[in-house]
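Visitor: Sequence:
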Amino acid sequence: MTVGAVHVVRVGVGVLIRDARNPNKVFAGLRRNSHGHGTLALPGGHLEMYETWEECAIRETLEETGLNLTNVRFGHVTNDMMQEQGKHYVTIFMMSECVCPDTRPQNLEPHKCEGWHSYSWEDLCSFATNSSDERDTNESDGERKEKEDHPILFGPLLQLVEESPQIVLDFLGKSA
1 MTVGAVHVVR VGVGVLIRDA RNPNKVFAGL RRNSHGHGTL ALPGGHLEMY
51 ETWEECAIRE TLEETGLNLT NVRFGHVTND MMQEQGKHYV TIFMMSECVC
101 PDTRPQNLEP HKCEGWHSYS WEDLCSFATN SSDERDTNES DGERKEKEDH
151 PILFGPLLQL VEESPQIVLD FLGKSA
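Residue numbers (the numbering used here): 1 to 176.
No lab work stands behind these hints: they were computed from the structure. Keep in mind the model is a prediction, meaning the values are calculated, not measured. All residues carry an ideal CB built from backbone N, CA and C; glycine is no exception. Be aware that a few hints might be false.
What the hints assert, rightly or not - Label-pair restraints from in silico Cβ distances:
#1 Met82 <-> Thr129: 17 to 23 Å
#2 Leu108 <-> His35: 17 to 23 Å
#3 Met81 <-> Tyr50: 35 to 41 Å
#4 Val8 <-> Asn107: 26 to 32 Å
Take the sequences, apply the hints, and build the full model.
Guide: Written as structure tokens, this is what we have:
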């Protein structure tokens, strides 16, 4: 982001929300009308002034999915340099569960997301392979195309999967 002639690093918050029906999965959706259009991303958004990471995770999730969260905690942080798009983000990943386990995410911002589904870590790792291939071949327009019915991961989510932090693997019941 540019303010006047000064480039600014933005802070994003991505939320790993455990699917109560399948605790080894988290919710994600395809982005629309924004940088990363057509890529798979977690619920989340920009950290607002004087907002805690937990408050941002709760607010963004409620706005986007209608889900109320509990046990919101820090998971990981990535440094996401999107030079081809003129953007630089620090993305804070929070981990959480739904207050009501029977609640499913709603698509409350259809102009920003195609809908929410749950994905396992294995799914995300599989998508990361296509995402890495796509990143290496062409990122010039900021839009990605799906390959073989496998979505391309949004940059910060791709970096999270590539880094595979142990705390996130533990959250999803995986071992390194």
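Visitor: Now tell me, hint by hint, if it's right for this structure.
Guide: We went through each hint and held it up to the structure:
1. Separation of Met82 from Thr129 is about 20 Å and conforms to the stated range, judged on CB atoms against 17 to 23 Å.
2. Take Leu108 and His35: their Cβ atoms lie about 20 Å apart, and the range 17 to 23 Å holds.
3. Checked against the hint of 35 to 41 Å, the C-beta distance between Met81 and Tyr50 comes to roughly 26 Å, which is inconsistent with it.
4. Look at Val8 against Asn107: about 30 Å separates their beta carbons, and that is inside 26 to 32 Å.
Going down the numbered hints, you'll see the structure goes against just number 3.
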